[in-house]
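With the hints as constraints, model all of the structure from the sequences given.
Protein chains in written order, with this note's numbering: chain A, 1 to 301; chain B, 302 to 621.
Read the hints as simulated data drawn from the structure, not as lab findings.
Any given hint might turn out to be false.
To be verified - To spell it out: a stretch of chain A is covered by chain B in this simulated footprint if at least three of its residues, at any positions, have a beta carbon under 8 Å from a beta carbon of chain B; those stretches are: (1) 95-101; (2) 169-177; (3) 223-232.
Unchecked claim - Facing chain B, from chain A, some residues (calculated, C-beta under 8 Å): (4) Leu118; (5) Thr141; (6) Gln147; (7) Val286.
All residues carry an ideal CB built from backbone N, CA and C; glycine is no exception.
The lines below spell out each chain.
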Amino acid sequence: MTASSASMRLARSQDRARSPRAGGLRPRIVRRAIGRWLVWALLVVGALIMFFPVYWVFVTAISPGGLAQGAGLALWPSRVDLGVFARVFESQPIGTWMLNSTITSVASVVLSVGISLLAGYAFAKYRFRGRDAIFALMLLTIMVPIQVIVVPEFVIVSRLGLVNSYWSVILPSAAQGICIFIARQFLIAVPDELIEAARVDGASELTTFLRVVLPMSGPLIAVLTILTFVWRWNDFIWPLVALQTPDKFTMSVGLNSLNGAYAHPWDQIMAVTLLSMIPVIIVFLVFQRQFVQGIAESGLK
Amino acid sequence: MTSAISRERDPSIRVEPHARRPHRASAGARRSRRVARVAPWAFISPSLVLFALFAFAPLGAAVVLSFQDVQVFGGGTWVGLQNYETMLTSGLFWTSVWNTVVFTLGTVPTSAALGLLLAVMLNRRLPGRGIIRSLYFLPMVVSGVAVSLVMVWMFNSDNGIVDAFLQAVGLPRVDWLSSPSWAMVTVILAVVWGRIGFRMVTYLAALQGINPALLEAAQIDGAGAWARFSRITWPLLNPTTYLLIVLNIVFSLQAFDVIYVMTGGGPGFSTTVLIQYIFRSAFTDGKMGYASAVGVFLVAALLALTVLRSRLSRRTEDLT
Numbered sequence: 001m002t003a004s005s006a007s008m009r010l011a012r013s014q015d016r017a018r019s020p021r022a023g024g025l026r027p028r029i030v031r032r033a034i035g036r037w038l039v040w041a042l043l044v045v046g047a048l049i050m051f052f053p054v055y056w057v058f059v060t061a062i063s064p065g066g067l068a069q070g071a072g073l074a075l076w077p078s079r080v081d082l083g084v085f086a087r088v089f090e091s092q093p094i095g096t097w098m099l100n101s102t103i104t105s106v107a108s109v110v111l112s113v114g115i116s117l118l119a120g121y122a123f124a125k126y127r128f129r130g131r132d133a134i135f136a137l138m139l140l141t142i143m144v145p146i147q148v149i150v151v152p153e154f155v156i157v158s159r160l161g162l163v164n165s166y167w168s169v170i171l172p173s174a175a176q177g178i179c180i181f182i183a184r185q186f187l188i189a190v191p192d193e194l195i196e197a198a199r200v201d202g203a204s205e206l207t208t209f210l211r212v213v214l215p216m217s218g219p220l221i222a223v224l225t226i227l228t229f230v231w232r233w234n235d236f237i238w239p240l241v242a243l244q245t246p247d248k249f250t251m252s253v254g255l256n257s258l259n260g261a262y263a264h265p266w267d268q269i270m271a272v273t274l275l276s277m278i279p280v281i282i283v284f285l286v287f288q289r290q291f292v293q294g295i296a297e298s299g300l301k
Numbered sequence: 302m303t304s305a306i307s308r309e310r311d312p313s314i315r316v317e318p319h320a321r322r323p324h325r326a327s328a329g330a331r332r333s334r335r336v337a338r339v340a341p342w343a344f345i346s347p348s349l350v351l352f353a354l355f356a357f358a359p360l361g362a363a364v365v366l367s368f369q370d371v372q373v374f375g376g377g378t379w380v381g382l383q384n385y386e387t388m389l390t391s392g393l394f395w396t397s398v399w400n401t402v403v404f405t406l407g408t409v410p411t412s413a414a415l416g417l418l419l420a421v422m423l424n425r426r427l428p429g430r431g432i433i434r435s436l437y438f439l440p441m442v443v444s445g446v447a448v449s450l451v452m453v454w455m456f457n458s459d460n461g462i463v464d465a466f467l468q469a470v471g472l473p474r475v476d477w478l479s480s481p482s483w484a485m486v487t488v489i490l491a492v493v494w495g496r497i498g499f500r501m502v503t504y505l506a507a508l509q510g511i512n513p514a515l516l517e518a519a520q521i522d523g524a525g526a527w528a529r530f531s532r533i534t535w536p537l538l539n540p541t542t543y544l545l546i547v548l549n550i551v552f553s554l555q556a557f558d559v560i561y562v563m564t565g566g567g568p569g570f571s572t573t574v575l576i577q578y579i580f581r582s583a584f585t586d587g588k589m590g591y592a593s594a595v596g597v598f599l600v601a602a603l604l605a606l607t608v609l610r611s612r613l614s615r616r617t618e619d620l621t
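Listed below in structure tokens is the structure:
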């Protein structure tokens, strides 16, 4: 309603614009310029506050003993000590955790992107009995927090003999309702004529998918890969339950094991925190556009 | 043969195949129909297997468990609705429901409002806009564990930077994590920090969908910035706001990592929200059946919200 009255004003405004307005032009321009700079300053201050925790991780890590606040504020260490990174690598199996996180994240991403593309294509372009019911069930799983099913999930994984193995993390996390949803939304837009044309040329259903649909799915694959990589890298609660020895820990689980009872100095904890953040921050900075697009489109974080 | 198949598959040019080559064409058609029936199942089968094993089966089992008394990983005995009765009469359950309400009210409106404010401010040409935007987005990719650890460090009441800052500007120190009443505030702050970027992204996308001519017209018409926002932008953002609020509530009901690492639900039960209570009942108290009953309650609440959301979005689609 407001929108339509505004568009009516659009028509009227053309006459108004020609007549000189009261109040003069100059003060308004000045006021608007001041407003612009005020907005800019607010945004910059807000951005600095938002960035501060990340900065604080970094600064704490490079301060000997972790930049504890005594009298007055200390925002930069009096002495920088980069040796902390060597020390945490010695005292904790950081390299192993990094490797475990990389293996499980990458494998899970490859698996879930692969199966989600296939399933999303079936849901988007075929009619078959029970299609809508199965799709709805898969979407329903988005609403189920892992904590609710963690006990039966653990029983199933242990019956399969997978506890404390990479597969115990990779397989359950590959079933992602949200990925299938995103894939279906994207693949619905693939023109039916192209698929038909491939069939006319005698291509099998699988060849049609591989030769026609897949080459058009670049942006979809990018969005899915980036979103799921960040999610899997940051996964915490399921790996915490499924992985039981430090040599199998992922970065999040290992990081959590440093927490508590002041067992470790803060500079070391923050050094490991920083190391755990670096891969996702790099992925984010390189693929920011796809990441933001994926989040805006799927409406999910 | 292929052309016969294609004709048979395309409903717009339905030529009777029997007319010319009855035998081969019908055999091909039968084959293609069979392929078309089998192919989608082949495509969804990998997902179906993984979902059945790791999502559907555990969810079904959780529902079954909620009617049982279960010793740790041992067999269960049927107790009917007893777990649900215990739940509804448990003081701790209602404490965690109340905490969930407080946590949700603390996180949902604030992160949506801040996200909107930032999106409106950023939705124009500004020096360094790209970098500013990235800085707001960045917390989205930081894991819950990492967020929690740095927040615990910043908010710690012995030598944390936040209290040092408050003191430097002449404000009293606060027991951010050790006082039951402040712990919830601290947890909410940490969660809001991680979420603002997401709210901002969604609002920015919605703002860029608004026709600039509408706003220009109103401006020429003499409408001030506030009038333009409240009369044009805000009503047009309604669908996004509905969506974000419902999604936000869903996220808040599922939020676990930050509370688990920062406070473990404490001090006392002051930050024990429902999801935390479920985990605690299952793993600290070893009451699997009871934990499942609370879990079923939570999933039912989440599903109700989803239904509400689809109703709302249908309504708002009608409006716009």
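- Query: Counting residues of the region 223-232 of chain A that have a beta-carbon nearer than 8 Å to any beta-carbon of chain B, does the count reach 3?
  - Reply: Violated - the region 223-232 of chain A has 1 residues with a Cβ nearer than 8 Å to chain B, which falls short of three.
- Hint check: 8 Å Cβ-Cβ cutoff, Gln147/A to chain B: Hint holds; Gln147/A Cβ to chain B Cβ min 5 Å, cut 8 Å.
- Item | Proposed interface contact between Thr141/A and chain B, which counts if any beta carbon pair is under 8 Å | Hint holds; Thr141/A Cβ to chain B Cβ min 4 Å, cut 8 Å.
- Task: With a cut-off of 8 Å on the beta carbons, see whether Leu118/A makes it to chain B.
- Result: Holds: closest Cβ of chain B sits about 4 Å from Leu118/A, inside 8 Å.
- Task: Would you check chain B against the region 95-101 of chain A, counting CB to CB pairs closer than 8 Å, and say if three or more residues qualify?
- Result: violated (count 0)
- Minimum Cβ distance from Val286/A to chain B below 8 Å? Status violated, d = 12 Å.
- Query: Checking C-beta pairs, does the region 169-177 of chain A have three or more residues closer than 8 Å to chain B?
  - Reply: holds (count 5)
Checked against the numbered hints given earlier, the structure breaks hints 1, 3 and 7 and satisfies all the rest.
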